[in-house]
Amino acid sequence: MSTTYKIFNPLSVNVNLGYTNQAINRNSYVKKSNPLGEGMGGYASVQKLEDYSKLLETVLRYNNSFGKHSVDAIAGYSYQYFVNEGIRNAVSGFLSDEFRWYSLQAASTNQGVTSFKGSNKLISMYGRVNYNFDDKILATATIRRDGSSRFGSGNQWGVFPSGSLAWRVSNMDFFKSKTISDLKIRTSYGVTGNQEIGNLNSITRLGATSAGYIVGGQRITTVLPLQYANPDLKWEQTAQFNTGIDYTILDGRIRGSIDYYVKKTTDLLLRIPVPSPTAVSTQLANVGSVQNKGIELEISADIIKKADFSWSTSINYTRNRNKVLSLSNSLYKGDNIQVAPLQGQGLTAGIYAQLIKPGLPVGTFYGREFKGIENGVEIIDPEMKVIGSAQPDFTFGITNSLSYKRLSLGFNFRGSVGNDVFNLTANNLGYLSNLPGRNVLQEAVSSGVLRTQPKQYSSRWIEDGSFLRLDNITLGYDINLKNLPAISNARLFVTGQNLLLFTKYTGLDPEVNSDVSGTGIAPIGVDYLAYPKAKTVSAGLSVTF
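Position in the sequence shown (first residue = 1) + 24 = the working numbering.
Please note: incorrect hints may appear among the correct ones.
Below, computed lysine-lysine pairings styled on DSS-like, alpha-carbon distance capped at 25 Å [to be verified]:
| # | residue 1 | residue 2 |
| --- | --- | --- |
| 1 | K381 | K287 |
| 2 | K329 | K429 |
| 3 | K395 | K409 |
| 4 | K381 | K409 |
| 5 | K479 | K429 |
| 6 | K357 | K409 |
| 7 | K141 | K72 |
| 8 | K479 | K395 |
| 9 | K357 | K287 |
| 10 | K160 | K78 |
| 11 | K287 | K347 |
| 12 | K317 | K287 |
| 13 | K288 | K329 |
Pair ranges (Cβ atoms, derived) [unchecked claim]:
| # | residue 1 | residue 2 | range |
| --- | --- | --- | --- |
| 14 | F333 | L274 | 38 to 46 Å |
| 15 | K288 | L524 | 32 to 40 Å |
| 16 | I269 | L433 | 30 to 38 Å |
Hints are computed from structural coordinates only; laboratory data are not their basis. Using N, Cα and C, we set each Cβ at its ideal position, and we do this for glycine too.
Work out the full structure, taking the sequences as your base and the hints as a guide.
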């Protein structure tokens, strides 16, 4: 709900009130005959999740002009409250599959009951001023102060300023070019904050378990620490400098931009090791810094522009270089942090696929090099080394729009080159020791690896994840409305999403980011039973009265 009141020209106030609620019920049952539930006698799970949020926002606006000068300013306050809660119950051992999740009490074994509730508040105060002088000099200054309940009591507030300055050279009196119709040089600097760490990470958390001690013949529930307090937890901050050029030539037929940026993130929110002996092995903390820098290029062109037929295209290119600068704070001096623990049956616990280390990019795969297979045994170099990186050499996109009379066609390709993917799914399914009792193809038992060969992490499972994807394609037709004056516009359309994928990656999809880590960072480029992107086709009719 929103309302605006004009105090006096040019001052007005806008008030927004919002409430959102999302409830999800997830019920599932695995039949007794299903191989996934083999030996369990049927498996049922009931899960209920609910998320809701409240919003109060007030914005004061000022907009005025003085000759060649114009000023647009806002000052605002917002209060947001978020709650998420849920409960899950899982049981197994049914006499009949007919019970499913409708009669959990008919099961013989309780697999576990879990419930949770979490909340957080975010309060923001902000201001922004835009200044324009004769469309030649443009400047913006912004400052905001955000407070989050997710941090320690003395570190909940952060101040984040930003500013930008642009010079439209093409509007200056001395600019006489007939080829370049618009030319703007701009630069900016700003600081943003990150508080996406979940709830209750700055305080000690305890958890109860029934797997406790037996006293007097009875099992006593035990309460154990799940997390140690860190009252020093504070905002992760990212400072970014950007400079660039926007241009338009040949009366708007060709448009584009060139950007160079340097982005440095400090006080990284990561999980660091806790010295033994402790009940908890890691703790969330602000530690270290990461730098990203690169270039972004974009060019758009109207290739054909006629009365009945037009064709325009747009190409973008991004080259980013990522590097970890440090992994230390006043209390922790770290050389590296391991992420992406190996998952799956038969894999050795305590081994990680990626290493965060100063001088290396985030997403560096660190392990042993695969040399081949001899007599059914993998030959792997014992030396630990860098065996790949999930960071791409560059990314790109291509968009095309064509129209012929009332018919239109638009499609968008997107790609990535040089990024590696750890196919942990293939690692889990690529050994005979993990296949007993499963219905598999002949190729699965003729790979040349002995059944007794243990699963290992090596460069064998690091694959080239480069890809080209058709993200979207839409075919539309504008209907002739001469005999329907009540309708101003009507359009038939058919849209396809993710219809084509070109890649050498042997998994289902190279665009993966499986959250298999407990470090605060979901490792990029790890494919562990990741659900692939769906291919969708939809059709519709859009009508405007």
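Please name the hints from earlier in the document that this structure breaks, with their numbers sorted from lowest to highest. When the structure is compared with the hints, numbers 5, 10, 13, 14 turn out to be violated.
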